[in-house]
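> Based on the provided sequences and hints, a complete structural model is requested.
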Amino acid sequence: MSVSIIVNNPQQPSTPAKKRKITPSAEQFLWHNRHVLMPYNLRDQSNNITEGELCSLLHNIFPSTENVTQPCFRGYLIFQVKQLPSAPWPLTVGGLPITVSETRSGRGRALMFPRAMPGRLSISILQRGFDATNMSDKSLRQLAHDVNTYFQLNLPNVHIIELMFTCERTFFLVINDHVELKTGGWPEKIANYPVAYLHDKDLNRPTWIDQPARQEIVPQPSVGIVDDTAYDVLRPGVMISSSIITGHSHPATLSSTAGVLVKNPAGDSFMTAASHAIGNSEKVWQSRRPAETIGKAAVEIPLTDICLVELEKSISFSTQTFEASDGIVPQFTRLATSGDEFGFSKCYLNSPYTGLLDSVIIAKSIKIQAEGTPNPTEERLRYVVYDWLYHGQEEGNIRAELPGGMCGSVIWNDEGVIQGFYQFSIKEGPWKGFSACVSASEVVESGYALAA
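Position one of the sequence shown corresponds to residue 2 (this note's numbering), numbered consecutively onward.
Treat the hints as calculated values from the structure; they're not laboratory data.
Okay, derived cross-link-like pairs now, DSS-like style, lysine-lysine, Cα gap no bigger than 25 Å in a straight line:
1) K433 with K202
2) K83 with K433
3) K139 with K347
4) K297 with K284
5) K297 with K264
6) K428 with K347
7) K284 with K264
8) K202 with K190
9) K428 with K202
10) K314 with K297
11) K202 with K183
12) K139 with K264
Below you can see the structure in the form of structure tokens.
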């Protein structure tokens, strides 16, 4: 069987100025590839994975494979083996993300998503209006609004925090930790797809997520070299810093990653950044040049952890990120909008801690957040869109656990469309290894577009 590494979409040739001066080290692959290509379109479910040549090809990827199966709608592939193979493992096979587990011991990851409590079999709500084959941020926001309305009217004690739709075409409903999980009158299906319930604490988000004060994030890269070079030209993926006064009045440094340049209708340009990584002074600099301010936070998009930094007039910013090791430079075309159809596809980011990192979008969610008061009216709720990324299974992928200083990194797809901005990675619990990024449509909805 032929295997090869998939490279990013064709981009224009690079120039030396676009190369990182320090490249974070990468694991040297042995007989593995990051992406295993197949002579079949595995997203086409008419291609049967249980018989014939395709079945044989799949069983020959890992040693001691006993079974290859799939969840509903073939959102990913499940490899069951006698013994976990040596790392690293592929992120995708035939374009689909994978999980690998031992048949007998259960070691590894049997399913992509953790098990959660299902609803009551006889209750199905909102059976019309949502089309999983034609989804957008707009349609998912509307569905989240309708689901929240249903619960407010019929189950007022159940406070919904987030609605997640997965590549399995299943829903997770994240609810307040103080509500007991019980089937009761809770729906089994939403928009004709199964739904399961979990508490917010079960996700194990970082502690700073729901705290109003900006918290210190100390990058702790597990491997490799961090690129903290002070560049003459800023671009997406450069390390930036700010400071915060701690409880003992000592300044602490916050490190994060520069986003992209956006503009408002008046033509004013701003650099996107992670709000929680901007300190009390709101000033930003490059990590190696603390005495040289590059800009100051000017605008915060509410409840998204996205802020817009007004750069000093002397600062140059390029919208191109760094080139990959093969000399390809991604070309950003625009920000994703609320009307774009979305799929569970491959995406990329480039941070000072990882260099170029590819991932797969495996879920989309709407976090329901209140603006201004803990007991808002419906008009004061904000429905914030997130993409959930999978970087590969932890046991077989040293890149699966990511450091905090990547916050603010741009996420883009093969067409150069900016999907969103990296926010956090879950470090423990059954959701460990998943990362969340705020959708770029939140920036567009606030009146901004990608600057040329």
